[in-house]
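Asker: Chains as they are written, first to last, in UniProt numbering: chain A, 1 to 220; chain B, 1 to 220.
Calculated from the structure, these hints are not laboratory results. Warning: the hint list may mix true and false statements.
Where chains are identical, the list cannot tell them apart; a pair therefore holds if satisfied intra-copy or between any two copies.
Okay, derived cross-link-like pairs now, PhoX-like style, lysine-lysine, Cα gap no bigger than 25 Å in a straight line [said to hold, decoys possible]:
#1 K180 to K92
#2 K53 to K112
#3 K143 to K39
#4 K143 to K105
#5 K92 to K53
2 protein chains.
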Amino acid sequence: MGEEVKVFGAWASPFSRRVELALRLKGVPYEYIEEDIYKNKSPLLLKYNPVHKKVPVLLHNGKAIAESLVILEYIEETWKNNSILPQDPYEKAMARFWAKFIDDKCWPAIRKAEWSPESEREKAMEEACECLKALESALNGNKFYGGHTIGLVDIAANFIGFWLSIVQEATERELLSAHKFPLLFNWSHDFVNCGIVQECLPPKDKVLAIFKARVAAPSN
Amino acid sequence: MGEEVKVFGAWASPFSRRVELALRLKGVPYEYIEEDIYKNKSPLLLKYNPVHKKVPVLLHNGKAIAESLVILEYIEETWKNNSILPQDPYEKAMARFWAKFIDDKCWPAIRKAEWSPESEREKAMEEACECLKALESALNGNKFYGGHTIGLVDIAANFIGFWLSIVQEATERELLSAHKFPLLFNWSHDFVNCGIVQECLPPKDKVLAIFKARVAAPSN
């Protein structure tokens, strides 16, 4: 009997893609369930994530786990092949530090820089650039945050690797460029060109259409 | 030769106390360095936590780690006695989920409920109560979140166990009471009455004086 592994996600959500990417890196077969998170959350999603009522949720043999970084740690501990975290406690702490930094600082700063009203934009762009600068330094000369292979921080940074360039195309506001952050720019190129990453990414034109619609109707 | 374990903290900070409590639970001797985080951060703090420039920082044999939840995981992995996390991956994920919930949701909601202007207070109080309700349910009939002993979630929730009752006394706004949240109230009582927790807590009168000064000068 195979085990039950289900992912409740949303196709455009970078957080859902994190979970799928980790499972694929480990070679774990799973069933993907698309949620309509804006208009019609399913009773199962509300049952499995009653606190946040958000995707992604991982369901493993009847047990539900929410919060993408918590799920990634669970995946790492449950399926031990193809590690996404270093074994050394200090290196592991550094990976957790940067993954948390990406969620707590980079994600809100980049959203604000790309989508805030013009009056707040200059400051927001500065803050987002500070975040990207810190993140670039954390590469430490490696191809990926995980070294030669993709690890927790690369997975957490997926929205910087893929979504950010599409947002930039829609808003015509450039944060990440080869000129400003050459190492991080190269990372984003290497990341999205991994075959296993490409398997998990949504079609670029569909994402671009969403962002362009948002530019056209900025109150949404 | 003993190992070097230093904690850079601030006496009134619940986040600094988390690190001290975890080290004491493990019986790890450490040197504590008080930082003047408001007026005069030390060059060492800026060196060891250049990204956030905040306490707490753990320095272990020359290696610095920031972010209290990241530090707690490092402590757990480095000193394996007296576990603060369950061994089972799912139970561990649940502990991480609730610790993250405490930081991401409870901490900002409680701060807002206690300190926001009157016009925003009713909604903020409702949100904070929702958080406490969820946190109460997570006790699952146990004395501590760690079961019979203090674990990661108890440590993370220290500000609800100790600081919240003092804030309530200063602001005269009650969030956590025996009437509203009897199980969580009992938990807070049991938590602050643990000898090892009491070793880590600042003097109540000093904390109360800070909060009363803030009530008297609400613009601060």
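Asker: A separate judgement is required for each hint: does it hold in the structure or not?
Answerer: A quick look at each hint next to the structure:
1. K180 to K92: neither (29 Å within a copy, 40 Å between copies)
2. K53 to K112: Both. Shortest intra-copy (23 Å) and inter-copy (22 Å) distances satisfy the 25 Å Cα cut-off.
3. K143 to K39: neither (40 Å within a copy, 40 Å between copies)
4. K143 to K105: within (23 Å within a copy, 35 Å between copies)
5. K92 to K53: Only across copies: K92 and K53 sit 21 Å apart there, 29 Å inside one copy, limit 25 Å.
In this structure, the earlier hints numbered 1 and 3 are contradicted, and the remaining ones agree with it.
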